[in-house]
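Based on the provided sequences and hints, a complete structural model is requested.
Protein chains in written order, with this note's numbering: chain A, 1 to 352; chain B, 1001 to 1261.
Possibly wrong hints are sitting among the right ones.
Here are the simulated DSS-like cross-link-like pairs (lysine-lysine), alpha carbons at most 25 angstroms apart as the crow flies [what the hints assert, rightly or not]:
1. K1152/B with K1169/B
2. K76/A with K213/A
3. K334/A with K1152/B
4. K1258/B with K350/A
5. K1169/B with K208/A
6. K1249/B with K341/A
7. K147/A with K33/A
If you only want the chain B side, here are some residues facing chain A, beta carbon under 10 angstroms, derived [to be verified]:
8. A1132
9. P1241
10. K1249
Hints are computed from structural coordinates only; laboratory data are not their basis. By construction, the Cβ of each residue, glycine as well, lies at the ideal position given by its N, Cα and C atoms.
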Amino acid sequence: MQNIEEYKGVFVFAQQVDNKVSGIAYELLGKAKDLAEPLNAQVTAVLIGSDVKGLCDKLAEYGADRVIVVDDPELKEYRTEPYAHALASVINEYKPEIMLVGATAIGRDLGPTVSARVATGLTADCTVLNIGDFPLQPIPGKEDEQKHNQLLMTRPAFGGNTIATIACPNNRPQMATVRPGVMQKIDPVKGAKAEIIEYNPGFTPNNKYVEIKEVVKKVSDIKDIMDAKILVSGGRGVGSPENFKILEELADAIGGQVSCSRAVVDSGWKPKEMQVGQTGKTVRPNVYFAIGISGAIQHVAGMEESDIIIAINKDEDAPIFDVAEYGVVGDLNKVVPELTKQILAAKEAKGA
Amino acid sequence: MKVIVCIKQVPDTKGGVKFNPDGTLDRGAMLAIMNPDDKAGLEAALRLKDQYGAEVTVLTMGLPKADAVLREALAMGADKAILVTDRVLGGADTWATSSTIAGALRNLEYDLIITGRQAIDGDTAQVGPQIAEHLNIPVISYAQEIKIDGDKVIVKRQYDDRYHMLEVKMPCLITALSELNDPRYMTPGGIFDAVAADITTWGRADLKDVDDANLGLAGSPTKIAKASDKVRKGAGEKVVPDTPEDAVKYIIGKLDEKHVI
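Spelled out as structure tokens, the structure:
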């Protein structure tokens, strides 16, 4: 049986790919700092890879007090087994109270394997994390059984239709995978330094080591929609891949980027990396234009945290109007080009 | 070659989501279906049957009524079906579910275990990898293509900006994406036979090498503190302008008000 009192500190799996830290690692560090405060705990980044020590300073700038580096040639390209061995060994050796992993393709593969290996619970795809009590309210007569300083993990389920808050009161670490694009990174503190610990549990290939025969990378020059301040997003209502031109012109005029709904990706009009929603990316820009998007619940789950949502749709009853601050019922083919024209005119007037 | 496919009966959330007047989910009105990723996993297994003569067993854990998805799988072409059902297994989280299914799988011979990547009710994608961990076999998640080469399996695995061609010696566990294939339909003869087919039913006592402490609600490390149907943020303004110019005037006004332009 675990002595859960031994488990201290908030740990973050600092995902890197090709020796470049993934954005999710910084987001998790930002959240870890929030969680560490009421616990009066340290924030530790766990960096796993080959020849990755150079990345420690960046992690320090984004909030890591300490970095545990597992550096080994076996860890060059992500594979479940050596990575699971690395992270599980770190957990067993350093005993974190909380272990956060990004809900990326890598994290959603690594997290379950590691949680099963260290025999703890794992809550998938969290969108909110807090420190609080479990149960939330004390049970009358059993007040002393309520546990404090627990990680409360909130996640959507049923395709975003329900929401559950989950705790892991009797096992450590409390593990969660966290949706990319939801947590806020801190402004980097230039020159910040972290304590660096090098740790290598040893890697001996066994039956679980999968051999990588080939790695094929897709080359893309599309900027990440998760970084955009303004998104001009199109749905099936845009009508054709060619017609996305009017959205691109609006995006150029207003300084934004184009994104899209799942229907657009399924029709082959736009690549998957531009997709917003449950099976795409979660975005929270300052302004989200939903143009010709009906607003299926799976789409809304990926964009409802945007500061301002402006919907343009000819269907007055489209569910997108239920989440939009400003809804315009109208023909996007007329409204969007006119909007672009007026924005350009306004910019010119200001510049003059 | 023996292939086991783990499947789950789920409420249909894609398109078929129904709401009560108060905005909560109307679960009773939703159809129970075979989870789509699992169905793709089953199709992949049936193709191995077509190609290599693999024997395909389907296994599910659930309420007694979950035998419906097993019969559907038999009607599609699976050879054997096992239902794991017991009151003490209810309320399981992914740890307890994977412990249960691993306990059932220990009774069986297999070269390959296929699960769906994730179920559309929980969306966790955790049970497949956790089963592999309990059985101490390798896992390859997000399979897009599956090929067999002697005692090895070759899988195309997709993530983010790249894919990997991976090779591993069997036994291993693969999680399938619904993008993997288009599942076949049940055949009329298959449906006829499936209705009458024997389904093996296992309870707690049939699980091998599993501690009671790892089963059901009590054996679940994660506990639900609160669950509710999602309350959507309320609708804002909706205008129906007479002309595109009026529409644009309205939008520009709002963008200006919010200092976007």
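Hints versus structure:
For the given pair, K1152/B sits about 4 angstroms from K1169/B by alpha-carbon distance, which is consistent with the 25 angstroms threshold. Distance check on the hinted pair: K76/A and K213/A sit about 14 angstroms apart at the alpha-carbon level, within 25 angstroms; holds. Straight-line distance between C-alpha atoms of K334/A and K1152/B comes to about 58 angstroms, which puts the hinted pair past the 25 angstroms bound. Restraint check for K1258/B and K350/A: the C-alpha separation of about 17 angstroms stays at or below 25 angstroms, so the hint holds.
Distance check on the hinted pair: K1169/B and K208/A sit about 9 angstroms apart at the alpha-carbon level, within 25 angstroms; holds. For the hint linking K1249/B to K341/A, the alpha-carbon distance of about 12 angstroms falls within 25 angstroms, and the restraint holds. Proximity of K147/A to K33/A is assessed by CA-CA distance (about 22 angstroms); at most 25 angstroms being required, the pair is judged to hold. Hint status for A1132/B relative to chain A: holds, with the closest Cβ pair at about 7 angstroms, below 10 angstroms.
Below 10 angstroms, beta-carbon pairs count as interface contacts, and P1241/B has one with chain A at about 6 angstroms; its hint therefore holds. Given the 10 angstroms rule on beta carbons, the hint for K1249/B holds: about 8 angstroms separates it from the nearest Cβ of chain A.
Hint violations for this structure: number 3 only, all remaining hints satisfied.
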